[in-house]
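Make one complex out of these two single chains by using the hints.
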Amino acid sequence: MLNKYKFYVGTQGFSIRDYAFRLFKGTERFKINYLVSFSFILVLMVWYSAFKLIKNDEESIRNQTILNITNLSRSFKAYTEETINTSDQVLRFLRFQNDNDQTLKYSSIKEFFDKGILDTHFITSVSLIDSNGQYRFTSLNAFKMQNISDAEFFKIHKSGYPYGVFVSSPERFEGDDHETIQLTRGIYDRTKKLAGVAIVSVDPRYFIDIYKNINVGENGIIALVGLDGTTRVVSKSTNVVPNLTKVVIPLPTEIQSKLEGTFISDQLFDKVNRLYAYQRIGNQPLVTLVGKNLMPSNSDASHSRLTYSAIALLLTVIIVLFLISNLDFLNKLALAHFEIQKTNKKITEANNNRSEFLSSVSHEIRTPLNGILGYAEYIIHTSKESMIQFPAQIIYESSQHLLRLVNTLLDLTLVESGKLVIQNSNFNFYQIVEEVCQTYQVRMTQKNIKLVVEIDDHCPQLICLDELNLRRILNNLIDNAIKFSKNAGEITLSSQYLSEVNSIYISIKDNGIGIPKEKHSQVFEKFWQNEDYISRSHGGSGMGLALTQKLVKLMGGEIHFNSSPNDGSIFYFSLPLAKEVEYA
Amino acid sequence: MLKTVLVVDDEIANRRLPALILDAAQYRVIECEDGKEAMDILNETSIDYILLDISLPLVNGIDICKSIRQSRKFDNIKIFAYTAHAMRDETQNFLDSGFDNILIKPINRRDLLALFTQ
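Quick note, the sequences are listed as chains U and D, same order. Note that the working numbering gives residue 394 to position 394 of the first sequence, counting from 1, and the numbers run on in steps of one. Note that the working numbering gives residue 1064 to position 64 of the second sequence, counting from 1, and the numbers run on in steps of one.
Next comes chain D alone, as it looks inside the complex (with noise of 0.2 Å):
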């Protein structure tokens, strides 16, 4: 059984990258552009990891990831946020908001896979 990895990120270039690192290394990866397409998919989809964009269109990241932890149902799903917001302040909120890790970008290849490894 193949793990799933949700990528959430706005712009194509960012969310197509892990998506093809993630792909080649056997999961089976769904990408989308928001909050609410995210939610949409979580709730028709079962999903094991969300790479999470902070800077979103609309509802940020944070926000997101603080709707999905409201949710019982999604306790077992691993949320990483995967940002360019690299100042230490920044990522202590966001592992107060929830977040399981952060993924800083720029991404390398040993990194990413080491996540999903861990």
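With the rest of the complex left out, here is chain U (with noise of 0.2 Å):
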């Protein structure tokens, strides 16, 4: 039981997909892969163009920034060095004044800051200490003159410091309302031993207070910071007190033999991401940090990476939605084309039945009439009665007309279903004209009508055409005349050849009734006759001239006619001449 379900399903998904195939195969199949691929490629096409003016955008927002933070890092080490120089001003004069007079007051120096002469706006105090630690005096004023040997600057000089003046970092002393940030110069003696240390307090305010309005960004940063990465000063942001303890942040090393660059890192501070600019301060040991905040939240690129990955993605939903319709488009077109070469066959099939049909009947009808026609024939040759001969003339006449009417009406059906093939040959014209004039010797001799057949001396004897449908013209156009024409009328056949379209000419006049004017337009429908159904006294199927029209056409001629009642008709075609038939 199990293995049969299995199966029932197996073969129903292999139907439909066998179903699915050949609905895709061929050329839509190719035409849906060719467009689903097209698709795809655009597709990667907007992303990738999407993304690469992403990173465009980025990299001229971050050269943008480089520039713009390298210039910040450059003025703020331009300031910094400045006020170290300034500072270092004061502190070469302590050192002057203090070798000059080993009993240097404060008050002999504060003259000179009173006046001018020295810019200190930024000093909060000046200080001198000897070569023990001990406060020789400074410009605090209730401060107590402690021993400061252990002072890291005291340090530092006493082991020789080759950089002169030295920045501390923030550091709160005694008597200090806040921390200050010591620059301090060593003073020597002639054998280079440490004869006291010259100290200047700045607010560590005052190197980035200037960079207040100045924006650098959310999360921005501005540092001062020793090359072993302890902080001098850093501000956060702009709004934001500065930090002033104290702390070592990991600098990368290119900064040590570098004066100046840019890198990334969210390791100093803190854990943002930020793009840093380094400027070395002097001959210090010392650099100025810019850093900018790579991530904000809402700055120009994340901003511009929106709009682009929005228009890509509105492109590629626009593009889907173009191959979708575009797949339904060609599913129908596959469905419908399904169908027509469904339809298609259908209708071969058809017309080969009907060829077949039409075959059949032509052979089931010409069975019975030659058993009809031959037999009267052969009584009328035969029998010496005319009481025999009578009735076999009407036999004969009459199945005459039958066979000329199914033979119209076959030939009619095989034109139009396109089956009716031209078949040239070669033959000769004349004897052709005059076996088709023979043949109505006795109708015309019964209406006593004449019959003048002028053939022009230019006109070839061996033509080629397709004899059998010239026949049947000439038949057709022949029978109608002698339809038509009145009792001891008179029939003109004449012909003529062109040698210019290298056709043959051939026209049918007769004296007869004519065809009324408003009646010209029909002559060549189907079915039309010159005189009512009801009183029509001259019989005929009305298809003669259709078929005739139809075959003149065929083979690539024309005709026409001009006629006018009581004056007759005259129906004029013109038949170009194919090239002779070789036989091998």
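Heads up, a few of these hints could be off.
[Claimed, not checked] Mimicking SDA-like on lysine to any residue, the simulated pairs with C-alpha atoms at most 25 Å apart in a straight line are: (1) Lys-526(U) - Asn-1108(D); (2) Lys-55(U) - Cys-437(U); (3) Lys-550(U) - Lys-384(U); (4) Lys-419(U) - Met-1087(D); (5) Lys-526(U) - Arg-1088(D); (6) Lys-1078(D) - Gly-489(U); (7) Lys-346(U) - Leu-1113(D); (8) Lys-384(U) - Leu-1113(D); (9) Lys-579(U) - Ser-503(U); (10) Lys-450(U) - Lys-550(U); (11) Lys-419(U) - Arg-1109(D); (12) Lys-384(U) - Arg-1109(D); (13) Lys-509(U) - Tyr-440(U); (14) Lys-553(U) - Asp-1089(D); (15) Lys-52(U) - Gly-226(U); (16) Lys-1078(D) - Lys-52(U); (17) Lys-553(U) - Cys-437(U); (18) Lys-236(U) - Gly-226(U); (19) Lys-1066(D) - Leu-323(U); (20) Lys-483(U) - Asn-1108(D).
[Unchecked claim] Listing some non-contacts, in silico: residues in chain U with all C-beta distances to chain D over 10 Å: (21) Asp-130; (22) Thr-138; (23) Arg-366; (24) Gly-371; (25) Tyr-375; (26) Lys-384; (27) Lys-447; (28) Cys-464.
Because the hints were derived from the structure by calculation, they are not lab data. The structure displayed is predicted, hence computed values, not measured ones. Cβ coordinates follow ideal geometry from the N, Cα and C atoms, glycine included.
What follows is the structure, given as structure tokens:
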């Protein structure tokens, strides 16, 4: 049971797949594959462009940022160097005074500050200590002159500091109301032994106060840092009071050897990823750092990224929708194609069936007609009794009529279904005309009609045309002419050769009843009769002229007529001659 | 010496008609109904012309014509298709199968005699 069920499912699946495969086979299948690949490539291109644009934007924003913070860092450096240089002037002055006067007191120096000889607006205090770390004097008023030989700067200068001015980390000394940065310079005697230290204290905020109004962006940073990573002053964003606590940050090693540069880090002050620009301060082991947050929530970069992504997404959706709609269209196309093929097959089958049917009908009618016509003719030919000849003649003529009707009907059907193929052969044109005319001898004698045949001398005897069709055309036109001729009428068949167009021209003229003007347009229509169906006295199927016109057209010719009532009609046509068939 | 015509048609009316006309026109006429009889007659008698119907019982006229044409000793016999198959592709097929000419039913006296005097 299970196996059976499985087999059933399998077969179903296969047949559906098979059907789908048949639907999409051939060009439609190819078109679909092509369209899918094309759309895929298009989507890829859209996203590639979007990413490229985002990257370009980010790059240009980054370059702009680098430029900005490098400039900022440079001016910070210049400002810091100026501050240090100015402080150094004070320090050098203190050293100079100390060298000249070992009993130097602050009161004697204060005069220089007060007179403005020394620029001290950013200096909070000046001090001088001796070689033992003991204060000799300080500008701070209520300050206990303690021994500060433990202070970092004292130790540094005692061990021989090579950079001149030492800039300390912020420190809060007793008596100060806030942290200060000490800029110190060692005073050495002739034996290079430390004789004292000049100290200038500076408010650390001074270094960065001028950047209060400069926007380094959200979470931006400005800092003055020692090469060893010890911070001097750090200002995170602009509105917050700077962090004066001394910390050691892990600077990248390249800073030790380069004077300026940029780097990216999220390890320095906090976990914020920043792009930093650094500048080395003069000959000091110090750098200025300006850092800009790389991932601000509403930066230009993220804005452009969002915009480009949105555009790319929109384009993708459009492409996919286009693809889907086209797949649907192609699907329908494939279905339609399938249907058309099916219908075509049916039509072909029907056409073939019709041909077979026609051929069968033709055979089945001709067989009994052979008996009727043949024996009627035989009786006419052999019997001497008019009592037998007369009815035999009637049988003969009626069956002839029937045969013509059947022939015309079949030919017309053949022409209309495109089954009648032109078959050219070489034949004697004069002979064919004569033969055709002869078949009407009896009928013409009965109506006392005179037939005149005028074939131009220039007309070639041997021509190449579809002989059977030419016979059909001549038969129909002569038959018509006889039918509509009055008793003792005259019919003229004339033929010429049109050398310019290599065609034969044939006209068949009668002086019969003619066709009224208003009916001219219907002459070549099927089932048209010169007279009303009921009152007609001429017989005929109304198909002869329709077939004639179709045959002339099929052979590449033209047929026209002129006619007026009681003057008779002239039908004239031309047929282009085919190239003569060469027999092997 | 009269020329001998063999008329092969399963319907007596259609078989007798050309026979009557040809007989009156000084031909020696032999009639038969099918291919088997025709072959027997061919082997016994000297025949000049055959009027051969196509739609015959058992073996059709085309196959009979083909089998006659296979034998060299019948090379001088003219075989005419005597048929109501009048469509052009059909008649072309007859000529391709070895028939010398075609007489399409319904026949008339003039065409029939013309065929034999060619």
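Structure-based check of all given hints:
1. Between Lys-526(U) and Asn-1108(D) the CA atoms are separated by roughly 30 Å; this puts the pair beyond 25 Å, and the hint is violated.
2. Straight-line distance between C-alpha atoms of Lys-55(U) and Cys-437(U) comes to about 96 Å, which puts the hinted pair past the 25 Å bound.
3. Restraint check for Lys-550(U) and Lys-384(U): not satisfied, since their Cα atoms lie roughly 44 Å apart, outside the 25 Å limit.
4. Restraint check for Lys-419(U) and Met-1087(D): the C-alpha separation of about 10 Å stays at or below 25 Å, so the hint holds.
5. Taking the CA atoms of Lys-526(U) and Arg-1088(D), the gap is near 23 Å; set against the 25 Å cutoff, the hint holds.
6. With a CA separation close to 44 Å, the supplied pair Lys-1078(D) and Gly-489(U) exceeds the 25 Å bound.
7. Between Lys-346(U) and Leu-1113(D) the CA atoms are separated by roughly 46 Å; this puts the pair beyond 25 Å, and the hint is violated.
8. Using a Cα cut-off of 25 Å, the hinted pair Lys-384(U) and Leu-1113(D) holds, with the two alpha carbons roughly 21 Å apart.
9. Taking the CA atoms of Lys-579(U) and Ser-503(U), the gap is near 11 Å; set against the 25 Å cutoff, the hint holds.
10. Between Lys-450(U) and Lys-550(U), the direct Cα distance comes to roughly 28 Å. Violation of the 25 Å bound is thereby established for this hinted pair.
11. Under the criterion of a C-alpha separation no larger than 25 Å, the hint pairing Lys-419(U) with Arg-1109(D) is inconsistent with the structure, at around 31 Å.
12. Pair hint Lys-384(U) plus Arg-1109(D) holds up; C-alpha atoms about 17 Å apart against a cutoff of 25 Å.
13. Between Lys-509(U) and Tyr-440(U) the alpha-carbon distance is near 15 Å, which keeps this suggested pair within the 25 Å criterion.
14. Between Lys-553(U) and Asp-1089(D) the CA atoms are separated by roughly 21 Å; this keeps the pair inside 25 Å, and the hint holds.
15. Pair hint Lys-52(U) plus Gly-226(U) does not hold up; C-alpha atoms about 40 Å apart against a cutoff of 25 Å.
16. Annotation: proposed proximity of Lys-1078(D) to Lys-52(U) is violated, straight-line Cα distance about 91 Å (limit 25 Å).
17. A hinted pair counts as satisfied when its Cα atoms are at most 25 Å apart, and Lys-553(U) with Cys-437(U) qualifies at roughly 23 Å.
18. With a CA separation close to 17 Å, the supplied pair Lys-236(U) and Gly-226(U) stays within the 25 Å bound.
19. Our distance criterion of 25 Å between C-alpha atoms is broken by Lys-1066(D) and Leu-323(U), whose separation comes to about 63 Å.
20. With a C-alpha separation of about 22 Å, the suggested pair Lys-483(U) and Asn-1108(D) falls inside the 25 Å cut-off, and the hint holds.
21. The claim that Asp-130(U) lies off the interface holds: its Cβ sits roughly 137 Å from the closest Cβ of chain D, which is beyond the 10 Å cut-off.
22. Thr-138(U), annotated as away from the interface, keeps every beta carbon of chain D farther than 10 Å; the closest lies near 133 Å.
23. With a least CB separation of 4 Å from chain D, Arg-366(U) falls inside the 10 Å interface cut-off, contrary to its annotation.
24. Not every beta carbon of chain D lies more than 10 Å from that of Gly-371(U), the smallest distance being close to 4 Å; the non-interface claim is violated.
25. Distance to chain D contradicts Tyr-375(U) as a non-interface residue, since its nearest Cβ pair spans about 6 Å, not more than 10 Å.
26. Look at Lys-384(U): its CB is around 14 Å from the nearest CB on chain D, clear of 10 Å, so calling it non-interface holds up.
27. Chain D leaves Lys-447(U) outside its interface by the beta-carbon criterion, the shortest separation being 21 Å against a cut-off of 10 Å.
28. Non-interface status of Cys-464(U) relative to chain D is upheld: no Cβ of that chain comes within 10 Å, the nearest being about 17 Å off.
Checked against the numbered hints listed earlier, the structure breaks hints 1, 2, 3, 6, 7, 10, 11, 15, 16, 19, 23, 24, 25; every other hint is satisfied.
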